[in-house]
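Protein chains: 2
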Amino acid sequence: MNIPVKNLPRVVIIGGGFGGMAIAREIRDKNFQTVLLDKHNYHTFQPLLYQVATSGLEPDSIAYPLRKIFSSKKHFHFRVAEVEKVNTDEQIVNTSIGPIHYDYLVIATGTGTNFFGNEKIKKHAMPMKSVPEALNLRSLILENFEKALLTKDIEERTKLMNFVIVGGGPTGTELAGALAELKSHVLPNDYPDLDLRLMQIHLLEAGDSLLAGMSKYSAKKAENYLEELGVQVWLNTMVKDFDGNVAQTSKGELESKTLIWAAGVQARPIEGINGESLLKNGRYKVDEISRVDGYQNIFALGDVAAMQTDQYPNGHPQVAQPAIQQGEHLAKNLFKLEKGKKTTPFKYKDLGSMATVGRNRAVVDLNNISLGGALAWFIWMFIHLIALVGFRNKMVTLINWTYAYVKYDKGARLIIRPFEKKKEHV
Amino acid sequence: MNIPVKNLPRVVIIGGGFGGMAIAREIRDKNFQTVLLDKHNYHTFQPLLYQVATSGLEPDSIAYPLRKIFSSKKHFHFRVAEVEKVNTDEQIVNTSIGPIHYDYLVIATGTGTNFFGNEKIKKHAMPMKSVPEALNLRSLILENFEKALLTKDIEERTKLMNFVIVGGGPTGTELAGALAELKSHVLPNDYPDLDLRLMQIHLLEAGDSLLAGMSKYSAKKAENYLEELGVQVWLNTMVKDFDGNVAQTSKGELESKTLIWAAGVQARPIEGINGESLLKNGRYKVDEISRVDGYQNIFALGDVAAMQTDQYPNGHPQVAQPAIQQGEHLAKNLFKLEKGKKTTPFKYKDLGSMATVGRNRAVVDLNNISLGGALAWFIWMFIHLIALVGFRNKMVTLINWTYAYVKYDKGARLIIRPFEKKKEHV
Numbered sequence: 001m002n003i004p005v006k007n008l009p010r011v012v013i014i015g016g017g018f019g020g021m022a023i024a025r026e027i028r029d030k031n032f033q034t035v036l037l038d039k040h041n042y043h044t045f046q047p048l049l050y051q052v053a054t055s056g057l058e059p060d061s062i063a064y065p066l067r068k069i070f071s072s073k074k075h076f077h078f079r080v081a082e083v084e085k086v087n088t089d090e091q092i093v094n095t096s097i098g099p100i101h102y103d104y105l106v107i108a109t110g111t112g113t114n115f116f117g118n119e120k121i122k123k124h125a126m127p128m129k130s131v132p133e134a135l136n137l138r139s140l141i142l143e144n145f146e147k148a149l150l151t152k153d154i155e156e157r158t159k160l161m162n163f164v165i166v167g168g169g170p171t172g173t174e175l176a177g178a179l180a181e182l183k184s185h186v187l188p189n190d191y192p193d194l195d196l197r198l199m200q201i202h203l204l205e206a207g208d209s210l211l212a213g214m215s216k217y218s219a220k221k222a223e224n225y226l227e228e229l230g231v232q233v234w235l236n237t238m239v240k241d242f243d244g245n246v247a248q249t250s251k252g253e254l255e256s257k258t259l260i261w262a263a264g265v266q267a268r269p270i271e272g273i274n275g276e277s278l279l280k281n282g283r284y285k286v287d288e289i290s291r292v293d294g295y296q297n298i299f300a301l302g303d304v305a306a307m308q309t310d311q312y313p314n315g316h317p318q319v320a321q322p323a324i325q326q327g328e329h330l331a332k333n334l335f336k337l338e339k340g341k342k343t344t345p346f347k348y349k350d351l352g353s354m355a356t357v358g359r360n361r362a363v364v365d366l367n368n369i370s371l372g373g374a375l376a377w378f379i380w381m382f383i384h385l386i387a388l389v390g391f392r393n394k395m396v397t398l399i400n401w402t403y404a405y406v407k408y409d410k411g412a413r414l415i416i417r418p419f420e421k422k423k424e425h426v
Numbered sequence: 001m002n003i004p005v006k007n008l009p010r011v012v013i014i015g016g017g018f019g020g021m022a023i024a025r026e027i028r029d030k031n032f033q034t035v036l037l038d039k040h041n042y043h044t045f046q047p048l049l050y051q052v053a054t055s056g057l058e059p060d061s062i063a064y065p066l067r068k069i070f071s072s073k074k075h076f077h078f079r080v081a082e083v084e085k086v087n088t089d090e091q092i093v094n095t096s097i098g099p100i101h102y103d104y105l106v107i108a109t110g111t112g113t114n115f116f117g118n119e120k121i122k123k124h125a126m127p128m129k130s131v132p133e134a135l136n137l138r139s140l141i142l143e144n145f146e147k148a149l150l151t152k153d154i155e156e157r158t159k160l161m162n163f164v165i166v167g168g169g170p171t172g173t174e175l176a177g178a179l180a181e182l183k184s185h186v187l188p189n190d191y192p193d194l195d196l197r198l199m200q201i202h203l204l205e206a207g208d209s210l211l212a213g214m215s216k217y218s219a220k221k222a223e224n225y226l227e228e229l230g231v232q233v234w235l236n237t238m239v240k241d242f243d244g245n246v247a248q249t250s251k252g253e254l255e256s257k258t259l260i261w262a263a264g265v266q267a268r269p270i271e272g273i274n275g276e277s278l279l280k281n282g283r284y285k286v287d288e289i290s291r292v293d294g295y296q297n298i299f300a301l302g303d304v305a306a307m308q309t310d311q312y313p314n315g316h317p318q319v320a321q322p323a324i325q326q327g328e329h330l331a332k333n334l335f336k337l338e339k340g341k342k343t344t345p346f347k348y349k350d351l352g353s354m355a356t357v358g359r360n361r362a363v364v365d366l367n368n369i370s371l372g373g374a375l376a377w378f379i380w381m382f383i384h385l386i387a388l389v390g391f392r393n394k395m396v397t398l399i400n401w402t403y404a405y406v407k408y409d410k411g412a413r414l415i416i417r418p419f420e421k422k423k424e425h426v
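Listed in order, the protein sequences are those of chains A and B. Numbered by the working numbering, the letters in the first sequence go through residues 1 to 426 in order. Numbered by the working numbering, the letters in the second sequence go through residues 1 to 426 in order.
One or more hints might be untrue.
As the list claims (entries may be wrong) - With a straight-line Cα cutoff of 30 Å, these simulated DSS-like cross-link-like pairs (lysine-lysine) come out:
id, chain 1, residue 1, chain 2, residue 2
1, B, K336, A, K6
2, A, K240, A, K251
3, A, K39, B, K74
4, A, K123, B, K39
5, A, K407, B, K349
6, B, K147, A, K68
7, A, K129, A, K6
8, A, K152, B, K129
9, B, K349, B, K336
10, B, K349, A, K74
11, B, K147, A, K6
12, A, K85, A, K120
13, A, K251, A, K6
14, B, K147, A, K147
15, B, K6, A, K129
16, B, K336, A, K147
To be verified - Here are the in silico distance ranges between beta carbons for each label pair:
id, chain 1, residue 1, chain 2, residue 2, range
17, B, P9, A, G207, 26 to 32 Å
18, B, P4, A, G207, 42 to 48 Å
19, B, L351, A, V246, 26 to 32 Å
To be clear, the hints were calculated from the coordinates, so they are not data collected in a lab. Just so we're clear, the structure is a prediction, and the values are computed from it rather than from any experiment. A virtual CB, placed ideally from N, CA and C, is assigned to each residue, including glycine.
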């Protein structure tokens, strides 16, 4: 592993997402040696992945090199690695690059795509949880239209131009809106030989409203926006099967070659941690300082953790804010633990939630206020812009959004496939 | 193929590089139907590929969707396709998407990497002629440093941190300069645990000066700049072999795991065209209106063509300007041919040449003037910025360059591999 051994307690953090990045930033480098592991060399700003998938942004705008974030931090070591197993007796993490000893272990592995055991859907559906997956989806969408041009078979062409999105949470809703904008503003110019009226975008949601965590006002507003943009919203609708040509749903068949899976996530637990620490929803049961049930020096943050409270009996929402706040809070508590001081319990500060559907169409819930329309859209853009890591990314994103707004265009329409679907997908 | 048949002569253009893009832009859509074929759905601004490879720019800044360029053109059809063979008797191009009839055929296929028949070098070397290849090289450079961190074997580490660039033309020179900037400004912050003094950048050139087509002043100046930046420049040096660990050169051995091939290009001729139309250098012999020797209605532009003149007995330099000017000129002549008017011979207007080595270090030859230093560097930046296709790309590139200048940084350091070297490379 080649990590220098210091006379400092070592914190090993698994995952450079919102939670892992937050604790690594806040940890006091005078008092701890920090080792951050991630399978990529960059942090991914997941809320904007859908814009990479729909040609609105390039991947470099929403991803940020992890080394750069921590370049001024002392006693900090980042390694690209995959974790294989934890040996809690010896306090060692076994990884693709060798074993690493820890004094404190922080699990911030987030979630992967959950196909609920349906192997056929898993085989044919497109997930969108990482930069390579988003790039792959972008290429597939564009390739579909290139193929649609070549066929004289109208049924085949229609299947190529149709899209089924499963899951009406923020990802599915925002993706459906972005696809609808491609349909109305971009694709007619790119493909004048195609009849874009054939293109249908279906958004399927198993529950009885979109954006489950948001206010009723926002959910209904988002649904109306999508319908204005021509998206077919199917509530109370389950997908049962997909063979690459037809999606079987509880309401009937939908013909499409592309099914995008934004329906479920599952926490990524780690081998070697006692299974009894996991709740039924696959998240680690943690106490009020994020400590995993049954362990003294193992912690879990964000999506992979469930800190059960009266308000959140199954754990906090699996979005960025709880992960960030828990990470920052744990950094302080680790210091207290190390100094033998009393720790302070975590308190979640709900900063609100928001989703965007299209230009001038977004919904925002802040405390007891719900907003829609252009103002909500500007708030959405502003918040996301300032949340992006790094000045360069903010500026490039601002240029892209301004350009897209003025020109009704999405510029990043390159077909570059990081991998073929059949070969691999995570 | 599904391309509408119109009562217009059809021009089929193979390749959307500088030459193909220029003629497609200038062709009169009242008088011709245009079909443009390319294996990618984007135009690549090749002069800046090296910046993608060295984390300075994202691919979306230097590539531009071909459909977007021609979205307002009538009777224009773009298809993503690979050309297999031309049947000149029946005037048909056979492609991966089916046969296409042409009245006029324009070959603008450019050049591929030429390994001069050395299969071992081909197997282990990294080419850099396309966006996926440049992305792959960027990922490899960063992965090398990640690996260098993990090994305790100093020899192995040194090989990972060394780079051998073969070819002292503009690509090799600019790449060597960009790597040297990574070494001095970026990598020390990213990898504080590595001793960057171990990193060596070798630039090998078979001739007796760098930048063969440029003035002696510029060639010498570029060499001095590279040496200031710590690059080892080897003139009159041939590479004989490379096994992935050691490069055998005419001056001895160089230890490195990475050999970047910027040494040779070869024109990409097309099957079905009479081999006697090819010169020894692999380029099509064309007349003064770019017509391929022996054919009435087949033309060739840019790198793949050689219009022999007194000044250029082997054809014009294989850079952007001759391709662009020939493309624009041919568009006019096709119109004259079609109308039975007299064609006008092509005259090349040499706009000068330039190369950049690093911040404030560039060389520019304009007519009889040669310039170096910061002024040349600003001219280089300005010319490349205005030459980029599209407002968005210009703005994003400007931001990246300004950011890099102010911060001594290169922001696009993501490891995203479009393909594994072993699987495929073009």
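Hints versus structure:
1. A threshold of 30 Å between alpha carbons decides the hint, and for K336 of chain B with K6 of chain A the separation of about 78 Å lies outside it, so the pair is violated.
2. As the CA atoms of K240 of chain A and K251 of chain A are separated by approximately 10 Å, the hinted pair is consistent with the 30 Å bound.
3. Proposed proximity of K39 of chain A and K74 of chain B is contradicted: the alpha carbons are some 48 Å apart, above 30 Å.
4. For a cut-off of 30 Å, the pair hint linking K123 of chain A to K39 of chain B stands: about 27 Å separates their Cα positions.
5. Distance check on the hinted pair: K407 of chain A and K349 of chain B sit about 35 Å apart at the alpha-carbon level, beyond 30 Å; violated.
6. Simply put, K147 of chain B and K68 of chain A have alpha-carbon atoms about 17 Å apart, close enough for the 30 Å limit, and the pair holds.
7. A C-alpha spacing of about 36 Å is found between K129 of chain A and K6 of chain A, which places the hinted pair above 30 Å, so the restraint is violated.
8. Between K152 of chain A and K129 of chain B, the direct Cα distance comes to roughly 35 Å. Violation of the 30 Å bound is thereby established for this hinted pair.
9. At most 30 Å may separate the alpha-carbon atoms for a hinted pair to count; K349 of chain B and K336 of chain B meet this at roughly 21 Å.
10. For the given pair, K349 of chain B sits about 57 Å from K74 of chain A by alpha-carbon distance, which is inconsistent with the 30 Å threshold.
11. For the given pair, K147 of chain B sits about 22 Å from K6 of chain A by alpha-carbon distance, which is consistent with the 30 Å threshold.
12. Our distance criterion of 30 Å between C-alpha atoms is met by K85 of chain A and K120 of chain A, whose separation comes to about 29 Å.
13. Straight-line distance between C-alpha atoms of K251 of chain A and K6 of chain A comes to about 61 Å, which puts the hinted pair past the 30 Å bound.
14. For the hint pairing K147 of chain B with K147 of chain A, the CA-to-CA distance comes to about 40 Å; that exceeds 30 Å, so the pair is violated.
15. Distance check on the hinted pair: K6 of chain B and K129 of chain A sit about 46 Å apart at the alpha-carbon level, beyond 30 Å; violated.
16. Only pairs whose Cα atoms come within 30 Å are accepted, and K336 of chain B paired with K147 of chain A is rejected, the gap being roughly 35 Å.
17. For the hinted restraint 26 to 32 Å between P9 of chain B and G207 of chain A, the CB-CB distance of approximately 59 Å leaves it violated.
18. Against the hinted window of 42 to 48 Å, the Cβ-Cβ separation of P4 of chain B and G207 of chain A comes to about 46 Å, which satisfies the hint.
19. With their beta carbons about 56 Å apart, L351 of chain B and V246 of chain A fall outside the hinted range of 26 to 32 Å.
Comparing the model with each numbered hint stated earlier shows that hints 1, 3, 5, 7, 8, 10, 13, 14, 15, 16, 17, 19 do not hold.
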